[in-house]
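Visitor: The chain contents come next:
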Amino acid sequence: MKHLKLFLSKVVKIEGLTIIGVFIALMILFIMTAPHVFTGYRIYMSFLQTVPPLLILALGLTLVITAGEMDLSFSAIIAFSGFIFCYIFRTFGTPWLAFILALSSGALVGLVNGWMVAIIGIPSIMATLAAQFFWNGLTILLSGGLSWNIKEIKPYFIHTLFVGRIGGLVPAQSLWAVAMAVFLWFILNRHTFGEHILFIGDNKEVAKVMGVNVISTKIKLFVFMGIISAFAGVLLTLEMINFWTTQGSGLLLPTIAAVFIGGTSIAGGYGTIIGSFFGAYIVGSLEAGVVASGIGGYWTRLVTGLVMAASVSLNIILNREQVEGIKEKIKETILIKKGGE
Amino acid sequence: MLKKEQFKNAVKMNNIEKYFGKVAALKGVNFEVGVNEVVGLIGDNGAGKSTLIKIITGVFPPTNGEIYIRDKKVSLKSYNVKQAYKLGVEAVFQDKSLGEKQDLWRNFFIGRQITNRWGFIKVREEKEIAQKIMFDMIGFRGAGITAESKVNKLSGGERQGIAIGRAMYFDADLIILDEPTSALSLQEVQKVLNFVRKIKESGRACIYISHILPDVYEISDKFIILDRGKIVATMKKSEVTLKKLSEFMLKYARAK
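Residue numbers (the numbering used here), protein chains in the order written: chain A, 1 to 341; chain B, 1001 to 1256.
Quick caveat, the hints were computed from the structure, so don't treat them as lab data.
The calculated EDC-like cross-link candidates involving lysine to aspartate or glutamate, where the alpha carbons are at most 20 angstroms apart (straight line), are:
#, chain 1, residue 1, chain 2, residue 2
1, A, K204, B, D1103
2, B, K1096, A, E205
3, B, K1127, B, D1103
Here chain B stands alone, though its shape is the one from the complex (with noise of 0.2 angstroms):
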C-alpha cells in the first residue's frame, strides 16, 4: 500500500483567517504538511485547533486566505466535505467515527458500501476487506476480535485503529486525528501512537491533534503550536526537548 509521492504538501495553508462576526477564530495562519510527515497541533482550548481543522475538511470555508491539497489550490466557493473526500482528505473524530451496536465490517464501508445494482451489499467481499485493513494494514492484534465483531467490544484505542484502518483503506493522503488519546489508558495510548506510525510507513500524512504534550512528542515530526488564533511557534522536533515543549506552553499558559 506504499504510495509514491507525487506532491510535496498533503496541504498548505496560506494566510488564513476565520471571523466569526466580528471575532477572529483565526489570523494570519500559515503551515503545511509534507507528506510522509506526522504534524502536532498544539494549543490551549480556544486557540483555534478545531476551527483550523474544520477549515481543512471543508465543514466551513476561511473568511481570507488560499488553501493547497496535493499542492493544487482549491477553489474556497467549491469545497466541502465531500471534496475533501475527494482529495484524500479525511478526519476521525473521537466520538463521532463508530456505530457502537454495529459489525466492524459495516462500519469500514457505511456510506461508501460495496454493492450489486439493485443496493444489497456484498457481505463477503466487504467482510474480507475489513478483515486485511485489520490485520495488514494496522496491526490489529485485539484478542478475539473479527470483523464480524460489534464496535462496543472494543476497547478505546482499538476503536480509534478501527477509524484510522478506515480512512487508510479509502485513499486518505492526509489523515487528520482529533483527540486520539484523550480518555484512554497508557497501554491503550501506545496502540494509537502504533496506529498513527501506520499512518506514516504507508507514505500518508498525518495531524494530530492533542492536549497531553508526551503522546504528541513522541509521535510528531514537527509541532506547530497555536495561541489565540495565531501560530504562535513551528518547531522541529530536532529543535526541541519535551522539556522545553512544555516550558514552551506553560508560558502561554501563564500569558493569558
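Here chain A stands alone, though its shape is the one from the complex (with noise of 0.2 angstroms):
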C-alpha cells in the first residue's frame, strides 16, 4: 500500500506521462487492429508530414490557455498568413521577404487581439472569435475567393528547409516542431514571460499586486499566438504548396482538443507543452488509425470524442492535487470492506 501510494504519487509528476501513456496505448491498438499499416514505416512518415502545423499550433495554443485566456483565431491567420506568404512571393519572387511578412501578418493579428483583450477587457473567447471571422473575411476578399498554386517555389532553398526531406524521408517541418516544443517548453517552464503566464492564469490580482505587468504580458502574449499560429501556416502553405481561403478552419477545433487531451487545465494556470506535442499526435493519427483499422472513417469523430473525454478524465483523476482524494478513498473502501466482513 505504501509503495504503490509512493509510487502513484512520483509517477504522476513526470510531465505529460499520463498522456504518453495513452499516446502508446493507441499505437499499440492500432498495430493490434491495422497491422498491414501500423508495422511499417510509411504511416509513421504520413503523421510526421501531416500533424507539424497542428502540433505548433496547439503549443502556442497551451501558452494562451495557461494564462487563462482563449484564442480562436489562429486558424484565421492560417488562412491570411498563407495568403499573405503566396502573395508576396508570386508577385515580387522573394521567398524571404513573404516569410518574414507572413509572419508580421500574424503578429498584427495578434496585437489586434491583444489589444481587444488587455486594453478594451473583452473576454477573449469573444475578441479572437470576431477576429476569425474579420481576418478570414478578409483574406477571402483579398484573394478573390480563389486558391492560388505556387510551385514555382519548389526549387528553393526556403521549401527544402521548412518542408524538405531529410535523407529523402523525414519531413523538416516535423523536425522543426519538435525544436518548437524545446523553445516553447523553456519559454513557459524557465522564462520570466512563461512565469508571468502562469502566475496571471493562476490568479490575476497576485500577479499584478508582485508585479508583474499583466496587460502587456497578455498582449505579447496574443502576439506571439499570432506569429506562432502564422509559421504553422508557411509550413501548411510550403507543403501544399498551395493556398486556399479555408486552409486553416479545419484546424480549429482538432487543436483545442490536441491541448486539453494533453492536459492542460482550462482554468489557467497549468499548461502542458509535452502534454500538448502527444496530444497533437494522438489527434492527428486518429483518422488515419480508424481507417486503417477498418470500422470507417465515419467513426473518426466519435473515437476523437472518446478519446478527448478518457484523456481528460484521466488527467483529472491523476492530477496531483487530487492523489490526496484518492487515496482517502482507497483506504475509506478498504475500511468500509473490512467493516463489512
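Since each chain comes alone in its own frame, lean on the hints to assemble the complex.
Guide: Rendered as C-alpha cells:
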C-alpha cells in the first residue's frame, strides 16, 4: 500500500506521462487492429508530414490557455498568413520577404487581439471569435475566394529548409515542430515570460500585486500566438504548395482538442507542452488509425470524442492535487470492506 | 540577517487625513512604528484600517498630512507602490499573496526573478534561496514541504509564513500583515504568530491588523485603536491587560 502510494505520487509528477501512456496504448491498439499499416514506416512518415502545423498551433495555444485565455483566431491567421506568403512570393518572387511578411501579418492579428483583450477588456473567446470572422473574411476578399498555386517555390531553399525530406524520408517540418516544442517548453517553464503567464492564469490579482505587468504580458502573448500561427500557416502552404481560403478552418477544433487531451487546464495556471505535443499526435493519428483499422472513416469523430473524454478524465483523476483524495477513497473502501466482513 | 538600526522609526505619520469626496475616512491620524516594534492596529469594520494601510503602502495618497519612512519625509506626489517596495515597505494580504497552483520557489521570486541576460530563470539558485528562506529565516516546519511543493499543499498558516518570509528576504523594514489569522485553526494561528516573532527578531517592524484581540495582544508591543477614522487610543502592552483591552473595544462597539 505504502509503495503503491509512493509510486503513484512519483509517477504523476512527471510531466505529460499520462498522455504519453494514452498515446502508446493507442499505437499498440492500432498495431493490433491494423498491422498491415501500422507495422510499416510509411504511416509514421505521413504523420510527421501532416501533424506539424496542428502541433505547432497546439503548442502556442497551450501558452494562451495557461494564461487563462482562449484564442479562436489562429485558424484565420493560417489562411491570412498563407495568403500574404503566396501573394508576396508571386508578386516579388522573394520567398524570404514573403516569409517575414507572413509572420508579421500573424503578429499584427495577434496585436489587435491583445489590444482587444488586455486594453479594452473583451473576454478573449469573444474577441478572437470576432477576429476569426474578420481576418477570414478579409482573406477571402483579398484573394477573390480563389486558391493560389505556388509550385514555382519548390526549387527554392525555403521549401527544402521547412518542408524538405531529410535523407529523402523524414519531413523537415517534423523537426521544426520538435524544435518549437523544446523552445516553448523553456519559455513556459524557465523564462520570466512563461512564469508571468503561469501566475496570470493562476490569479491575476496576485500577479499584479507581485509586480507583473498583466496588460503588456497579455499583449505579448497574443502577438506571440499570432507569429506561431503564421509560422504554422507558412509550413502548411509550403507543404501543399498551394493556398486556399479555408486552409485553417479544419484545424481549429482539433488543435483545441489536442491541448486539452494533453492535460493543460482550462482554468489557467497550469499548462503542459509535452502533453500538447502528444495530444497533437493523438488527434493527428486518429483518423488514419480508425480508417486503417477497418471500422470506417465515419467513426473518426466519435473516436476522437471518446479519446478526448478519456484523456481529460484520466488527467483529472491522476492530477497531483487529487491523488490525496484518491488515497483517502482507497482507504475508505478498504475500511468499509473490512467493516462489512 | 540581523539589521543595524540606522533609523528610529520604520514609519511615522503626521496628521494624516483622507477624504473620499466629502466623506472623511481618516482624520488627524498620528502614529509611528519603531524599529523592532510590532504594532497592533485594531478597529471595527469601517474604522479606516485598510485606508490607512493603503496610504502607507502607496496605493493612494492621503488628502493631507506627512509620511516619514526610515525617518525621511516622502514626497506624496511621487509615492506609489513601487516606491514603497524600494523603501522597504511590504504588505501581506490574506488572499492576494500567493499563486495557488505554482511551486513555492516561483512564488518567492515572481516579479523579481533571478535571470540571465536573456530572461531565463536561474532555477537552481532560486530554489536554493527559497529553501533557505523557508528553513533558516522563518523556521518553516511543514512536514514534507519543500521549495518545490505547490502552494495549495500548504495550510493557511504556512501560506502566511511563506509570504512573510518573502517580504523579509526582499529587505523589508516594515511588514504589514492584514488579517493574517482570520479563518485559521488555533494551531495555525500559533504558527503565524511565530512567524511574526521572527520578523521582530530580525530587527524589522510590523503592523499587525486583526479583529482577533487575543492574537493581537499576544504578539504586539503597542496597540493603536482606530474608530471612525480617528485614533482613539494608543497603549503599550505594559499598560494594559487583554481583559481591559477587550472591555475598551467593547465600549466602542456599544457606542455605535
